[in-house]
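Engineer: Line by line, the protein sequences are chains A and B.
Sequential numbering of the first sequence, starting at 1, is according to our numbering.
Sequential numbering of the second sequence, starting at 1, is according to our numbering.
It should be emphasised that the hints constitute simulated quantities derived from the structure, not laboratory data.
Built from N, CA and C at the ideal position, the CB exists for glycine as well.
The reader is advised that the hints may include incorrect statements.
[Claimed, not checked] Label pairs and their calculated CB-CB ranges:
id : chain 1 : residue 1 : chain 2 : residue 2 : range
1  : A       : ASP56     : B       : ASP274    : 18 to 24 Å
2  : A       : ASP56     : B       : GLY101    : 45 to 51 Å
3  : B       : ALA330    : A       : GLU50     : 25 to 31 Å
4  : B       : ALA312    : A       : PRO192    : 53 to 59 Å
[Unchecked claim] Computed from the model, here is a short list of chain B residues facing chain A with C-beta under 7 Å:
id : residue
5  : THR191
6  : GLY194
7  : GLY331
8  : LEU411
[Unchecked claim] Heads up, simulated DSS-like pairs for lysine-lysine below, C-alpha to C-alpha not over 30 Å straight-line:
id : chain 1 : residue 1 : chain 2 : residue 2
9  : B       : LYS162    : A       : LYS118
10 : B       : LYS8      : B       : LYS164
11 : B       : LYS8      : A       : LYS90
12 : B       : LYS438    : B       : LYS72
13 : A       : LYS90     : B       : LYS72
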Amino acid sequence: MEKITTHTGVGVPLRRSNVDTDQIIPAVYLKRVTRSGFEDGLFAAWRNDESFVLNDPAYAAGSVLVAGPDFGTGSSREHAVWALQNYGFKAVLSSRFGDIFRGNAGKSGLVAGQVDEKVVQRLWDHLEQHPGSEVTVDLESRTVRAGEGPDAIEDSFDIDDYTRWRLLEGLDDIGLTLSHEDRIRAFEGTRPTYRPRTLA
Amino acid sequence: MGKTLAEKVWDEHVVRSASGEPDLLYIDLHLIHEVTSPQAFEGLRLAGRGVRRPDLTLATEDHNVPTIDQDKPIADLVSRTQVETLRRNAEEFGVRLHPLGDIEQGIVHVVGPQLGLTQPGMTIVCGDSHTSTHGAFGAIAFGIGTSEVEHVLATQTLMQAKPKTMAVTIGGSLPAGVTAKDMVLTLIAHTGTGGGQGYIVEYRGQAIEELSMEARMTLCNMSIEWGAKAGLVAPDQTTFDYLEGRPEAPKGADWDAALAHWRTLVTDDDAVFDEEIVLDASMMTPFVTWGTNPGQGVPLGGRVPDPADYEAGNDRVAVEKALEYMGLRAGTTMRDVEVDTVFVGSCTNGRIEDLRVAAEIIEGRTVDENTRLLVVPGSVRVRLQAEDEGLDVIFKEAGGEWRGAGCSMCLGMNPDQLAPGERSASTSNRNFEGRQGKGGRTHLVSVPVAAATAIRGTLSSPSDLPRLPLVEEARQRRLETPHDGEEA
């Protein structure tokens, strides 16, 4: 996985709460067997609406999504993370994420930063007043920055220590786990015999 | 200090624990389906890795399969490719697969329990958020993404931070006609879609103890809809009776050893939960959703809410957007909402008990002329059992459609979809925008509400239907006469 330290890019204000993964990418787009090409399904239903934020040319090149609470709830589909990444997003900020989505983001290298709801509100206002302006998501210092001068926004975001470390180092989880292969083997030796097996 | 059930099961599966790192958790059973696995197998292939424990892995085809003409090649070529990819991967990596046409095929969360593979005290994962269903047996079961599917395939473990624990204590008894589905919809309306976030939830109390295994599965199934990591119920005699004799349940001395351990899987009296919610089942009524997330629900006897009653700002805007999408006016009586399609099925309500309840209500009646009834059994076994009991005939004679097993209209990945603007009463788990088809409008309901709605064409409960004394008498006589061969 690519290392991530800090990212600066166009911020996209998504003024919606409870953006479930069916909204991020509807099920009919999940039939591909690759990890790429899902950008066409990103927010597919909403993109038919001319007034949807990504249809505004000022935001079309967005890479930092700022969303309302409970972003990424619902289905476990990692395609939701891939669709955001395939489109060009590097980070999503919200005051609360669906658990599985946040986990998937960490595995795939999309920064899911949890910020206070007031910060979301300020970022929304700022990004709407200054369409196309940039937001910086600094993983090293866990800070989000936008704007300049007296109205500048700077605040911290939460991401768990372990995920942050893995993203900063660009580490592969499976490789890390396999370094504990001896422990896994030892554990397997202690499993009760009554546990079911799927193969005879 | 004692431990909660969730802590006991968790601690028994920790392979490695280190400060500042998530626990490395051993996985007892990994369930797989066609949609969230292809990229995981491809990842293994690219890294030159194998499946560590194919003997703890089971695959089935469920999400995108058609529910008619299941013996013919899948017409949708992209769906067909995905299913064929699963077949190739299962073959190449030695994974047991129950494909279309197999007697054990069905929705992954229906198949695991019915085979007896889902057992108390296990850790179970699947690339599907409704894996929480298996918590009904006192297992820790949760949905994972495709990267984690690959991780489990390669290592049979997962890195997971230990969640907090919450008790949802539901006292009293559910009134007649009120189901586990109403219970969980009531709970989600109470907590919101994020209320369980970060917790493994234990459902407990008299009302939970009184639920059948299938009803417990319905309840645990929707744990994810209020954000919980997992939901579980302590195993008890109901659990053991359900499991005994199932094909993959322990036998002989293994059964005795398993049972001895399973009986220890209860929350200790002096254990402390991080959070507790207390509800009273005896106050619950049939519950339906009006909005576009599972927390937006009211009793069937209620009305569509008024955005003006919500705090100005994001909350009000969310309600306004939901009503606009749903095509509903504030103040409308829920019972006046006309429904185009009734869907009975899914991993929430697609098991045999659900179909029996639906059939009992529908028997001797006719589906409303403007309403379509779609009944989709959760597995081939459920379908065959229902046909053995003649339930399919009841649905068909009433004007309903009887289908093959699969996820079907729950997520509309196959041809079973709502048309834009079409409205459903659905026994499934999600009423998200477009969930059942682009522009489709979903009301989540229990099985009795679904069945009564199919007859009346508007959201209804069985109490809204005129009684059919002759049908009831005939049913009673049937129940009193043993089936041929049943005593053999």
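Engineer: For every hint, state whether the structure bears it out.
Structural biologist: Structure-based check of each hint:
At about 43 Å, the CB distance of A:ASP56 to B:ASP274 disagrees with the hint of 18 to 24 Å. Here the CB-CB span from A:ASP56 to B:GLY101 is close to 49 Å, well matched to the stated 45 to 51 Å. Checked against the hint of 25 to 31 Å, the C-beta distance between B:ALA330 and A:GLU50 comes to roughly 27 Å, which is consistent with it. Range check, B:ALA312 to A:PRO192: about 57 Å between beta-carbon atoms, so the 53 to 59 Å window is met.
Because the closest C-beta pair between B:THR191 and chain A is about 12 Å apart, greater than 7 Å, the hint is violated. The closest approach between the C-beta of B:GLY194 and any C-beta of chain A is roughly 5 Å, which is under the 7 Å cut-off, so the hint is satisfied. Restraint check, B:GLY331 versus chain A: the minimum CB separation of about 23 Å is more than 7 Å; hint violated. Satisfaction of the interface hint for B:LEU411 is found here, the shortest Cβ-Cβ separation to chain A being roughly 5 Å, below the 7 Å cut-off.
Distance hint between B:LYS162 and A:LYS118 is fulfilled; the C-alpha atoms sit about 29 Å from each other, no more than 30 Å. Proposed proximity of B:LYS8 and B:LYS164 is supported: the alpha carbons are some 13 Å apart, at most 30 Å. Simply put, B:LYS8 and A:LYS90 have alpha-carbon atoms about 38 Å apart, too far for the 30 Å limit, and the pair is violated. A threshold of 30 Å between alpha carbons decides the hint, and for B:LYS438 with B:LYS72 the separation of about 26 Å falls inside it, so the pair holds.
At roughly 43 Å between alpha-carbon atoms, A:LYS90 and B:LYS72 are farther apart than 30 Å, so this suggested pair is violated.
Checked against the numbered hints above, the structure breaks hints 1, 5, 7, 11, 13 and satisfies the rest.
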